[in-house]
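Take the sequences, apply the hints, and build the full model.
2 protein chains.
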Amino acid sequence: MEIKELLLQIGKKAKQAARKLPTLSTREKNKVLRLVAQNLRSQKAYLQEENQKDLDLARKKGLSAALIDRLTLSDKVIEAMAQGLEEVAALPDPVGEVVKMWRRPNGLWVGRMRIPLGVIAMIYESRPNVTIDAAGLCFKSGNAVILRGGSEAINSNLALARIFQEALQESGGPTEAVQVIPTTDRAAVQEMLKLEEYIDLIIPRGGEGLIRFVTENARMPVLKHFKGVCHVYVDRLADLEMAKRICFNAKVQRPGVCNAMETMLVHEAVAESFLPDMCEDFRRAGVEIRGCPRTCALVPWAKQATEEDWDAEYLDLILAVRVVKNMDEALDHIARWGSNHTETIVTTDYQRALRFLREVDASVVITNASTRFNDGGQLGLGAEIGISTTKLHAYGPMALEELTTTKFIVFGEGQIRE
Amino acid sequence: MEIKELLLQIGKKAKQAARKLPTLSTREKNKVLRLVAQNLRSQKAYLQEENQKDLDLARKKGLSAALIDRLTLSDKVIEAMAQGLEEVAALPDPVGEVVKMWRRPNGLWVGRMRIPLGVIAMIYESRPNVTIDAAGLCFKSGNAVILRGGSEAINSNLALARIFQEALQESGGPTEAVQVIPTTDRAAVQEMLKLEEYIDLIIPRGGEGLIRFVTENARMPVLKHFKGVCHVYVDRLADLEMAKRICFNAKVQRPGVCNAMETMLVHEAVAESFLPDMCEDFRRAGVEIRGCPRTCALVPWAKQATEEDWDAEYLDLILAVRVVKNMDEALDHIARWGSNHTETIVTTDYQRALRFLREVDASVVITNASTRFNDGGQLGLGAEIGISTTKLHAYGPMALEELTTTKFIVFGEGQIRE
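Chains as they are written, first to last, in the working numbering: chain A, 123 to 540; chain B, 123 to 540.
Be aware that a few hints might be false.
Intra- or inter-copy, both count: the list cannot distinguish identical chains.
With a straight-line Cα cutoff of 30 Å, these simulated DSS-like cross-link-like pairs (lysine-lysine) come out [claimed, not checked]: (1) Lys182 <-> Lys166; (2) Lys316 <-> Lys425; (3) Lys135 <-> Lys153; (4) Lys529 <-> Lys349; (5) Lys182 <-> Lys366; (6) Lys222 <-> Lys175; (7) Lys316 <-> Lys135; (8) Lys366 <-> Lys529; (9) Lys182 <-> Lys198; (10) Lys222 <-> Lys349; (11) Lys349 <-> Lys316; (12) Lys137 <-> Lys447; (13) Lys447 <-> Lys142; (14) Lys142 <-> Lys153; (15) Lys198 <-> Lys166; (16) Lys183 <-> Lys166.
Calculated from the structure, these hints are not laboratory results.
So, in structure tokens, the structure goes:
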């Protein structure tokens with residue numbers, strides 16, 4: 123009952139703040155963002171003190187060195203957060219943009235104006251810098267945000283939110299535009315998912331389990347991606363040197379992320395000239411290969427792939443490889459096993475490139491470049507709050523524009539309907 | 123179990139059809155739409171025979187004359203459906219449009235291309251013409267559609283779907299792009315709401331009860347509006363003659379629809395000069411007035427409004443009226459009681475007009491024109507499949523563009539990520 127009431131209050135305050143945010147000018151919002159950046163730097167000692175509480179607890183609990191590293195608010199991480207906010211301040215403000223305007227035969231002017239979504243909730247794990255990154259993007263796009271980070275980062279997250287709120291207060295903005303849920307109680311998440319009257323959108327970021335739990339229990343819309351099973355299809359007419367560079371980059375440059383390649387599809391006409399060489403590069407980089415029978419015939423040290431490998435998001439130095447008869451078989455494989463995340467073709471053939479771009483159903487479809495480019499920053503959105511692999515509202519990396527919608531505005535001069 | 127299997131099969135077939143639809147050219151799609159229009163006309167006798175079965179049953183069940191009228195496929199209704207399809211054929215095809223394209227510093231070209239959503243399900247009541255209207259819009263925008271109309275129209279709906287499917291077959295398109303659920307069993311709806319693997323979007327159209335049921339039970343996104351509690355605010359600086367024309371039109375021209383005015387807000391400075399005259403017009407048109415105390419003082423025959431009246435969607439010749447102290451009070455009233463549907467201000471003041479357009483949170487915000495213009499056709503979208511009052515994906519009337527999303531397409535020349 124206490125938790126329920128706490129969440130209800132947080133929801134109500136967020137909704138009140140959300141009514142005020144659209145009235146702030148771009149200049150006022152940017153001023154707040156720059157002030158938060160400044161205060162992150164000047165209050166580094168306070169932040170690191172609060173962060174130390176989380177780190178002490180994490181060590182006591184025996185968390186892995188990798189997790190502790192992700193949890194740490196080092197000087198570098200704090201500076202990166204501050205710079206991130208300054209970059210968001212420099213981005214164009216989507217709110218108030220009239221994306222289109224036209225005139226009707228009766229003289230009415232009709233336009234579509236960008237407006238914030240309202241209240242956005244984020245659920246995420248470990249890294250406390252997400253608190254600032256997400257708060258910055260939501261605030262710039264005129265949305266109030268409710269943040270629920272990992273329980274192991276609770277002190278750090280509360281300290282970061284406090285710095286944001288102090289800057290809001292100093293600037294006369296609504297301090298409750300940014301709120302961190304002040305408890306690690308798991309019941310808080312369940313209560314939050316019921317607040318459909320106060321929360322317009324939930325964005326979960328983390329493992330598949332968290333995302334499924336949110337999707338199944340939330341009463342409000344959810345923007346999410348379950349996983350990234352990304353393919354590179356090396357066509358019969360590929361530039362094989364280019365294919366090697368792209369596939370190597372897609373798998374090895376950062377294997378633990380959702381836009382890394384997990385399955386490589388190779389046209390049978392080039393399998394013999396491409397696969398042994400390519401896999402030798404992979405072997406040297408420590409990549410384990412799980413191949414179809416034809417792959418294993420060409421790469422004797424490869425393991426046999428099972429059907430589960432076509433579905434796997436390894437997030438590791440493991441790669442599934444399949445030789446396909448033709449482009450249709452590659453497209454069928456992608457349609458069957460792909461996760462609508464990122465798909466690449468390598469080909470020198472004009473028509474196949476266009477066909478791939480048109481027919482493949484993924485949030486980002488690429489010709490002749492690495493899958494690793496599915497990222498808001500890399501594609502030129504200036505930032506990223508997550509990647510959506512469902513088609514409603516947003517498909518692909520989401521930044522400021524994706525945190526808005528449009529309303530119709532109509533300028534009349536007394537028109538009535540006949 | 124049988125129903126469950128039936129729905130699963132329908133979902134699978136729709137998904138298969140949805141994979142083929144994006145590959146049809148605009149010309150091919152328009153040919154199908156025109157052929158359906160032609161066949162509706164040439165198979166009028168068959169349609170009216172099937173419709174007669176529904177009408178006989180409706181009479182036997184004692185349905186009201188109004189409901190029987192809505193159920194009837196008269197010559198006029200059939201011609202209107204045919205013409206509607208020809209109009210949709212003439213509209214621009216959203217699919218394949220690249221809404222934006224830009225170049226990155228590394229030479230990558232990045233674009234956003236419109237694509238269909240996939241499979242859309244519609245649940246609606248009585249009027250069988252919705253079957254053709256919805257199927258036409260979904261097909262043109264490249265989506266497969268699953269239709270569930272009112273049980274009293276089942277024979278008419280199946281006959282209409284058959285005509286659409288025959289045209290698809292004749293043209294070589296996927297016949298399962300348009301399916302009507304061939305049973306009136308209520309369990310079919312519940313099974314449909316569980317098919318999140320096969321259905322990308324559900325659009326319920328009908329009473330608030332139906333829409334709430336769908337929202338609470340659907341596992342996939344729902345586009346809906348619960349109700350339209352639309353206001354006209356007559357400002358202190360309104361042209362009162364214009365205000366009279368607009369308010370009369372908004373209430374009386376067609377009171378049974380969601381964009382009719384339900385509450386009129388009047389600035390106190392003009393209440394005395396405006397309200398008695400205006401209400402006299404309403405009285406003559408048979409409109410019942412439910413007013414705040416100050417309204418009742420000026421219009422002695424008005425009934426006293428209770429708080430429930432501010433929340434009411436009458437859909438009838440009844441109007442709630444409230445005198446407000448100033449524009450802030452009007453904005454607060456709209457924020458508190460509005461349904462995010464349609465809101466109008468009548469004013470000659472430039473700044474108040476702009477402030478209203480900016481600050482009011484509704485899918486269509488209007489200055490100096492009737493609320494009745496919130497309609498896809500009236501606003502120039504060429505058509506309408508429904509009106510959304512929730513902000514995710516679409517806000518306001520929805521037509522072809524709103525039945526699509528965008529994916530990112532990337533043209534590379536061997537780029538990899540450093």
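So, going through the hints one by one against the coordinates:
Within a single copy, lysine 182 and lysine 166 get their C-alpha atoms as close as 24 Å, which meets the 30 Å cut-off; across copies the closest is 79 Å, which misses it. In this assembly of identical chains, lysine 316 and lysine 425 lie within 30 Å of each other by CA distance neither inside one copy nor across copies; the values are 47 Å within and 39 Å between. Proximity of lysine 135 and lysine 153 under a CA criterion of 30 Å is satisfied intra-copy only: 22 Å inside one chain copy versus 54 Å between copies. In this assembly of identical chains, the alpha carbons of lysine 529 and lysine 349 lie at most 30 Å apart only when taken from different copies (17 Å versus 32 Å within one copy).
Taking identical chains as interchangeable, the C-alpha atoms of lysine 182 and lysine 366 are never at most 30 Å apart, the minima being 45 Å within one chain and 73 Å between chains. Taking the closest pair of Cα atoms, lysine 222 and lysine 175 never come within 30 Å of each other, the shortest separation being 51 Å inside a single copy and 47 Å across copies. In this assembly of identical chains, lysine 316 and lysine 135 lie within 30 Å of each other by CA distance solely inside one copy; the values are 16 Å within and 34 Å between copies. Taking the closest pair of Cα atoms, lysine 366 and lysine 529 come within 30 Å of each other only across two copies (26 Å); inside a single copy the shortest separation is 47 Å, beyond that limit.
Taking the shortest alpha-carbon separations for lysine 182 and lysine 198, only the intra-copy value of 25 Å comes in at or below 30 Å, while the best inter-copy value is 78 Å. Taking CA atoms no more than 30 Å apart as the test, lysine 222 paired with lysine 349 passes between copies only; the shortest distance there is 27 Å, against 35 Å inside one copy. Taking the shortest Cα distances, lysine 349 and lysine 316 sit within 30 Å of each other both inside one copy (25 Å) and across copies (21 Å). Proximity of lysine 137 and lysine 447 under a CA criterion of 30 Å is satisfied inter-copy only: 25 Å between copies versus 56 Å inside one chain copy.
In this assembly of identical chains, the alpha carbons of lysine 447 and lysine 142 lie at most 30 Å apart only when taken from different copies (21 Å versus 59 Å within one copy). Taking the shortest alpha-carbon separations for lysine 142 and lysine 153, only the intra-copy value of 16 Å comes in at or below 30 Å, while the best inter-copy value is 50 Å. Taking the closest pair of Cα atoms, lysine 198 and lysine 166 come within 30 Å of each other only inside a single copy of the chain (11 Å); across copies the shortest separation is 74 Å, beyond that limit. For the identical chains of this complex, lysine 183 and lysine 166 are intra-copy neighbours only, at 25 Å inside a copy versus 75 Å across copies, given an alpha-carbon limit of 30 Å.
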